[in-house]
Amino acid sequence: MDIKSNTIPHEDDTSGRTAIAVKGLNKWYDEFHVLKDVSLSVQEKEIIVICGPSGSGKSTLIRCINHLEEHQEGSITIFGERLEKNKKSATIIRDKVGMLFQSFNLFPHLTLLENCTLGPIWLRNIPEYQAIEQSTALLERVGIANLAQKYPGQISGGQQQRVAIARSLAMEPKIMLFDEPTSALDPEMIKEVLDVMIDLAHSGMTMICVTHEMQFAQQVADRVVFMAEGEIVETGPPEQVLGNPKWDRTSLFLEHILSH
Amino acid sequence: MENQQTTKSELLKFVPSPSRPPVTITYGPIGWLKKNLFGNIWNTLLTIAVFTLLFLLLKPFLEWTVLKAVWTASTRRECIDISPDGACWAGIFPWVNNLIYGLYPDTLQWRINLGIGIGILWFIPLALKKAQQKMIFSLMGVLLYPFLANYLFLGGDRSNFHYIMACAGLAYLLILYVNIILTYLNRKRVEEYLEPFLERFCRKNATRWAYLTIWMFITVIIAFILRNQTLEHVSVDAWGGLFLTLIISGVSIAMALPIGIILALGRRSEMPIIKWFSLCTIELVRSVPMITVLFMSVTMLPLFFPNTMELNKLVQVLVAVCLFAGAYMAETVRGGLQAIPRGQYDAAKSVGLGYWHTMIFIILPQALRAMIPNIVTSFISLFKDTTLVSIIGLFDIMLMARNISIDKNWLGLHSEPLVAISVLFFVFCYTMSQYSQRLEKKLNTNR
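Residue numbers (my numbering), protein chains in the order written: chain A, 1 to 260; chain B, 1001 to 1447.
Looking at chain A on its own, in the form it has when it is part of the complex:
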């Protein structure tokens, strides 16, 4: 796996082609309208932070992008590939998109190394020794190569989340989705995960992060998307949305999370 070096300055990267195009997305859980006409376009190598109160549909939106949830109306296109309601389409999409979860979801019965090599060996038909080499390099990159033979239950939450990042990267995705990756972590461990994410952002990965880490947003995000009640309320550069919001809902939310 060649990880792009830090030489590409990510400020210029927004000029790339469209990575994700979400148009008029609507989704219901039974009667409940979770996503209301959501449209969002993400350029290649762009870093988007989605924030908003709980129940605003942030997680549902990125789960739809990965086809972990089905939407009822609208379209999702990833690098020109439209997401259809069949397994083949989902497979194509998931090949390009990696995802991180709030609860890490490592496979507890496999060692950390096996967690990373499973996908490459069985889906990309890479010889075992090569997959091990590649995954070891990735584990080194996230700073836990020395724990490769341990099991997920034996390491801390922060370390688990970093392994989860390595596991996703092993499939060489073009887009990474983060579903509140630090919400289940102790304050001391949040930083170690954010550092890896920042490093990833600088390496030119296209990222959508659902997170409440506003500092992270200010530091690396190209755009911040604020969602409430299943709608996108406002979108813009972090200084604008976080520093000088247009809408009262945004400002109320920011007051709440910054007040403690």
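FYI, nobody ran anything at the bench for these hints, they're computed from the structure. Only a predicted model underlies this, so the values are computations on that prediction, with no experimental measurement involved. Hints should not be assumed to be uniformly reliable.
Unchecked claim - Which residues of chain A face chain B? A few of them, derived with a C-beta cut under 7 Å, are: (1) L68; (2) R94; (3) D95; (4) M99; (5) H109; (6) M171.
From the three backbone atoms N, C-alpha and C, an ideal C-beta is built for every residue, glycine too.
Given chain A, work out where chain B should sit, using these hints.
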């Protein structure tokens, strides 16, 4: 910034205090007795009462089984003459051979010993640390061993396919052991010696092809050596005793898990036909007593097959028992599947794994692991339930034991054989439960 640095250097340095070994409180055996049995007057009285009761209950049993038992005699009459209220173990000994091998001819019993021995050999490597690919060779065992066993136990003229499969089984076992020995000597595996020669012809999977080549080569050699050996045919009617019990329970235990997994996955499937088929099978089989299923398999199964096809009783019983065991196992497996959090499915999907990959690598290993106690409980009860086949006239160990009482020398000897096989069953079942506990401990260290 400068301020911060100066304050930093003034801070006290935190050094964690060293860990201490845990405080252990050890009581000697006398201390334990004092604390638990004779702590106060009430406890002392209770202890004495319980021990007296135990003594009164166990004394007649001990007298019957050991103290007043008769070990050598030639008829039951003699036994009663020697000691009227002791067990007559003498009656068991002349029947030991029948209890183990049924009516299998004495001169051919080495075939059973050999067959069971090979079966044990096949699964010994499971307990070895350095043995590789445990899943694969246990799967191969389930696939190939039946041919080998059938060849040995049944004998007679077998089809070429059957013969080749039996030889392939032997060859596989041979390579397995050679590889294990080589691994323990820190040498390369057999196929890796051949690999360089094959790399010229096939770049991809050279190791796999090397392995297949060696396997086929040895199979052919074994087939050639054994080409003129025909084993005498022994009809299934002559099978019996512990041997038959082991065959029925072995086959049903080996089949229960795969059938159970398939039915459990089927029941959770989103495809309606598969779902309803699995659901109906499970519910139908589970709601009928096992004896009924056994009777039906003997009386009704032949109706579904053409007249020309001759089914033997054993095969019918095996089909019934496997189906029965599979349906129960399906519910156990389903319980395990439900214990897996949704996040595991999400993670597997986001890595890109499809349904079968997800099931085989992620979900089933975890589900089965969580269900080990339940699975082993099913296995144990299955092992004991196989004694029911005596009711439809298969001479398993149970019917053999009952038959002692109608032997003219040992007429009316009912209790002793039953006690004897109870002990035997206890040994088998307790071993299984101990093994499962060891397995659990071993697998739990990973967490």
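Item to check | Unsatisfied constraints (hint numbers, rising) | outcome: Violated hints: none; all satisfied.
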